[in-house]
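Undergrad: Listed below, chain by chain, are the residues.
There are 2 protein chains.
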Amino acid sequence: MAVSFTVTKKDSAGQARLGLLHTPHGTVETPVFMPVGTQATVKTMTPEEVRQVGGRIILSNTYHLYLRPGQELIREAGGLHRFMNWGGPILTDSGGFQVFSLGPLCKVTEEGVTFRSHIDGSEHFFSPEKAMEVQMALGSDIAMVFDECAPYPCSREYVLEALERTGRWARRCRAVHRREDQGVFGIVQGGTFADLREKSAGELVELDFSGYAIGGLSVGEPKELMYEMLDYTVPLLPADKPRYLMGVGSPDCLVEGVARGIDMFDCVLPTRLARNGTVLTRHGKLVVRNAEYVRDFAPFDRDCSCYACQNYSRAYVRHLIKTNEILGVRLTTIHNLHFILELMKELREAVSEGNILAYRDSFLKRYQGA
Amino acid sequence: MAVSFTVTKKDSAGQARLGLLHTPHGTVETPVFMPVGTQATVKTMTPEEVRQVGGRIILSNTYHLYLRPGQELIREAGGLHRFMNWGGPILTDSGGFQVFSLGPLCKVTEEGVTFRSHIDGSEHFFSPEKAMEVQMALGSDIAMVFDECAPYPCSREYVLEALERTGRWARRCRAVHRREDQGVFGIVQGGTFADLREKSAGELVELDFSGYAIGGLSVGEPKELMYEMLDYTVPLLPADKPRYLMGVGSPDCLVEGVARGIDMFDCVLPTRLARNGTVLTRHGKLVVRNAEYVRDFAPFDRDCSCYACQNYSRAYVRHLIKTNEILGVRLTTIHNLHFILELMKELREAVSEGNILAYRDSFLKRYQGA
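In order, the protein sequences belong to chains V and C. Per the numbering used here, the first sequence starts with residue 81, numbered consecutively. Per the numbering used here, the second sequence starts with residue 81, numbered consecutively.
Since the hints were derived computationally from the structure, they do not count as laboratory data. Warning: the hint list may mix true and false statements.
As a list, the in silico SDA-like pairs of lysine to any residue whose alpha-carbon atoms are at most 20 Å apart [unchecked claim]:
| hint | chain 1 | residue 1 | chain 2 | residue 2 |
| --- | --- | --- | --- | --- |
| 1 | C | Lys402 | V | Gly201 |
| 2 | C | Lys402 | V | His144 |
| 3 | V | Lys402 | C | Arg148 |
| 4 | C | Lys402 | V | Lys402 |
| 5 | V | Lys402 | C | Ile406 |
| 6 | C | Lys402 | V | Thr118 |
| 7 | V | Lys402 | C | Ser235 |
| 8 | V | Lys402 | C | Arg155 |
| 9 | V | Lys402 | C | Glu213 |
| 10 | C | Lys402 | V | Ser202 |
| 11 | V | Lys402 | C | Glu152 |
| 12 | C | Lys402 | V | Ala255 |
| 13 | C | Lys402 | V | Asp200 |
| 14 | V | Lys402 | C | Asn435 |
| 15 | V | Lys402 | C | His198 |
| 16 | V | Lys402 | C | Asn165 |
| 17 | V | Lys402 | C | Arg248 |
| 18 | V | Lys402 | C | Glu209 |
| 19 | V | Lys402 | C | His144 |
| 20 | C | Lys187 | V | Gly201 |
From chain C, some residues computed to sit far from chain V (all C-beta separations above 10 Å) [as the list claims (entries may be wrong)]:
| hint | residue |
| --- | --- |
| 21 | Gly94 |
| 22 | His144 |
| 23 | Glu156 |
| 24 | Ala157 |
| 25 | Pro302 |
| 26 | Tyr392 |
| 27 | Ser432 |
Keep in mind that this is a model prediction, so the values were computed, not measured. For each residue, glycine too, the CB sits at the ideal point set by N, CA and C.
Use the sequences and the hints to build the structure in full.
TA: The structure is reproduced here in C-alpha cells:
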C-alpha cells in the first residue's frame, strides 16, 4: 500500500493519539499540520524554509493546478514534487471544495460539475474520474476523492442528497484510481447531522480507503457544534487509518481536534493572516500592521525561536508591510507557520506524556486570555 | 577617518584597479556593485540571502526612509543597520536624485528643494543640511552630499547653474556633517560637457571628501557618450579615493566602467528586471515570463550556480510569475543579483590577472551576441 499508518500511542482518557504516516516520500509524525501550497508553492516560501519552520507534508490544490499550469505540464516536469522542488510528502485535495465554492459559476449533475474558471471565465468539467486523472498526473502521495461539501447552514435534505452523491462519486474515484504509489482518502460528509455523518462514514469505510477525511466542518458553524460532530464522527472511523480534519488551522481548533483524535489538519489561515499583517502568538493574535506597533522594537513574541522573531522588530515588519515590501509578508508567514508547527509538536509531546487535556486547558486559557 | 580606501593593484594598460574600501562595518573589495535596498530592504530578500549571492555593501535611499518610516524612528531603533538586520556597510544616497525626479512636484531655490511626497502629496523641504541630518540619523557608513542631477538632454546653461549650486551645497554638507563613524562622498556633475565636469571635479576635490561619485550619467544619454565622459572625468579624481558611478548596473556598463577605473556601482536594474520576470545571463536577457518558456524545464542558465538555477526550471518560475506567486520574483531576484555579483568577481579577477581588456571584449561579444 502506497500510504499506511501506524498508531504509536493512544491516550488513555480520550481519542487523542500519536502515529506515523508512511508515504512514498517519507514518514511523518502525527498529529500533523499541513501548510497549504495552493499553486505549487507555499506562498512566499522556499521548500527549505517550509522544512525549516517544521513543515513535513504539504497540501496542494488540484483545481488551481489544473487551471494553471495544467496537470500535463506538471507530469512532463516529472511530477509535482520535482516541479516545485519539495522532496517530502504532498497531499492534493480533489478540487471539489474549490469548484463548489464558485457558487453560481458551477452546475452539478450526477455525472460531475460544470464550472467556470475564476481566472478567465472559461468553462470546464470535473467529474470523479477527472479529479483522479488530474491527481494521478500530479503524482501526489495522497489523493482525495471528489466530493461535495455542503455549506452551513443547509437543509437536511440537501446535505443528504450531497452525501449520497459523494458516496457514489467516492466509488467511482476508487474504480479509476490506478497509481500504486499514491494513497486515496475518502471524505465523510453529513454536515451537522449526526445520523448523516454515520451514514456517510459507513459507506466510505466499506470502500477501504488509505485514510478518512472529515469534510464539511469549519464552514461557518459554531465551534462547539464542530467539536460535537468530531466527538460523534471520529469513533465511526477505522482506528488504524489516519483521520484528517479538512480546512482547520486556528490554534484553538487544532488543540481541540488533537484532543478528539484527529491526526491531520490543513488550513490557509496561518499564511493568509500573515499576508494581512497579523501574527499568531500564545497570547492571541497581534495585528502588527496596526499603528500601535510603529515604535515597538520588540519581536512579535519574545519567547519565539523563529527566524523573524530572532532578527526583526515589530516596528521593522510594520514598516515593510506598510510599504508593501515582500520581506514583510515573508517574515509574518515564517512566524505563523513556525508557531502552528511548534504547537503541533507540543501537542504530540502532550499526547506522548499522557497530558493532552491539561495541555489543552492551559493553552486555551492563555490563548483566549481567559 | 571613518571611510578609507587602499588601491591594491593598478592595471598597467588603463585606469582599471583593485582596491579595499574600509568602513565602520567592514572592508569591501572593489570594484564592487551595491544592491539597492530602497526602503531598508533589498526587495524580496533577507540580508542573509543578499550576502549569499555575494552582496557585501548595500545602498539605501534617504528620500524614501525620510518619508517612511522616518529617520528618527530608525535612529531610535539603533540605526539603519540594526533596524534592517544588515551587518555590512551601507551607503545612503542624499535624496537629491529622487527629489529632482519628482519633476513639477519639486521647486528649487538656493536654500534647498521644496517637494511633495509621491505617497500622499504632503509638502516637505530638503536642504543640504537636512539631507545630512537625515543620513546622520540613519547612521549609514557612507553619506552622499545633496546634489542636483541635471537631466539629459539639457542646456549647457542649466547644467552649469546646477553644478555650481551642487558645489555650494557640497560645501554646506561638509560644514554640518559631524559623525565620525560616517564617510561623506562628493558628487561630480557637469552633464555631458567635459569642461563642466572638470570645473565640478575641481571644486569637489578641494573639499577633500572620503570618495567621489560621478553623477548625472546613465540618465538617457547614449552609452558611448557616457564612456567618453568617464574617460574624461576619472583622471580628474584623486587616485587614492574611491570612484563611484551612480545608477549604473547593466552588465555591459559595469564591464566598461571597471575598465575605465570605476570602483563602485549601484543600480535597481537587476532587481527591477527580476520583478518584471526578466533574468540576466551571459548570453543576454531572458524574459522568463514569455510563453516560449512554458514547457522549458531547463534552469535560467545551465552554467549558473545560484540557488534558483540549481533547483528550479524556467517553466516553474514562469508559472509562479504568471500566478503572481512571491517565490517567482524571489528566484529571479536571487539569480539576477547573483549574476551581477559574480560578474563583479570575475572583473576583479581579470584586473588582478592584468587582462581586463581581453575579458571585456570576450564578455561583450557573448553578452551582445556579436
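Undergrad: Which of the stated hints cannot be reconciled with the structure, identified by number in ascending sequence?
TA: Structure breaks hints 4, 7, 9, 12, 14, 17, 18, 20, 22, 23, 24 and 26.
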